[in-house]
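As they're listed, the protein sequences go chains A and B.
Anchor point for the first sequence: position 68 equals 389 in the numbering used here, and the numbering is continuous, going up by one each time.
Anchor point for the second sequence: position 57 equals 515 in the numbering used here, and the numbering is continuous, going up by one each time.
Don't read these hints as lab results, they were simulated from the structure.
Keep in mind that this is a model prediction, so the values were computed, not measured.
Beta carbons are placed, not taken as given, at the ideal position from N, Cα and C, and that holds for glycine.
A portion of the hints provided could be inaccurate.
Derived contacts from chain A toward chain B, CB cut-off under 10 Å, selection only [to be verified]:
#1 G429
#2 R430
#3 L529
#4 Q611
#5 S623
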Amino acid sequence: MILATPFLREPDLFPARLAGEPWGQHSIGLDIVGGPYRLEGLSRAQLEAVRRRFADHLVAAAPDPLGNESLAACAPIAISIFRIEESEFLDLSPDALEYVVASEPTPGRVALASPDFIGLLDLEQSGDASVACSPAAAALWTARDATLVDTGAIENFLRVVVAYRLLALGGVMLHSAAIARNQQASVFVGHSGAGKSTLSRLSHDAGLGVISDDLNALVPGRDGGDWWVDQLPFAGDFRGQPVVAGRFPLAGIYHLEQAPEHGLRVLSTVRSVALLVANAPFVNSDPHRQDLLIEVLCGLASQASAHTLSFRRDADFWQLLPETRARVRPR
Amino acid sequence: MGSRSESSIMSSSEAPAFKARSDVRYRTVFDEGIVVRQRAAEVLVVNSVGARILELLREQSNAEDLVTRLSAEFEVERSELEADVRTFLDELTAAEVVERVERGAAG
């Protein structure tokens, strides 16, 4: 398998099915938007590590004698954790390459490979979608026991699973900073280095709530009208800092660019869609889900106000942003 | 093969053909086009004429054929259309959205 060539000694032995040797018998449910997601086959050390890392996103339920959370009340997306020998991975120097998660999507599945895990995501059709997009089940193979969480393997895998799940639900995961003000969320989109983390820190220092400085979920309301911003447990440079939890109505979308002075310009619908496509990680490089992604983002762009925000790296830019959500969006 | 400095469109039989690259996806949104280059993870926006050209380049075509078809759809002077098409093809080629196709290759 070409995907795994940079990472595995024998890439042709990439698993064909969601099967393998589990690390243990433990499972845990994660309450992340689009879920719940159930991690299965964990060792005790992995279970405790996941509990600590995702402490704010655990499914609340009575534990069974093994310490597993019961998920009988909902249908979770199962993610099996299997073990693989360390020797299966190429011995890559930490300086050899930038950490990447490579993906190889097909109509019904997404295969993933990285320096420390490989994964499979089986997709199924859901709702009115004409393509398979919703995760039916997934599996992650790793040589890491307790460091499954510390190395970021489970988080990197979960990001992909959640991205596909959100798209299947008519929403999207955006590479963005989201800030809560007046019980609404403003979403700031921009390339790496555009200032999302700086903006988050400045906003926090100004007394505003940071939802996330890295990845946020945007989901449509049940009536198909207003959109909402849901917090994801995936932070960037703001990791470890106080964040505000919950779901907030979307106030507006801002394309962030650095400039000598603050400024605000309306962004056309088509340029909004282009911006959102470029910042919808994982699914935007999947040709089989491309049309669905653009359709979803056209819906978002037609509902949300969007502007380019020229940003001078101080918190005064908030004076330019409307206090409340714009109800009508100009083209 | 013509060079970029040529000022006129070649005849259909000798003009280079173009075709959208296999990793390019695009969609018309409100009369403009969104172009996604999968391999480069890059997103571009083109105007309505550009979107129509990309649609026509699903199958290989040369500049003259494009101009002939577009002149029937847009109220633009042919000379202006020829210049715009030539410029647009150059830009799309440079942006690796379309590629030149050797004459005689399967289209």
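Going through the hints against the structure:
no., hint, in the structure
1, G429, "violated (19 Å)"
2, R430, "violated (18 Å)"
3, L529, "violated (30 Å)"
4, Q611, "holds (5 Å)"
5, S623, "holds (9 Å)"
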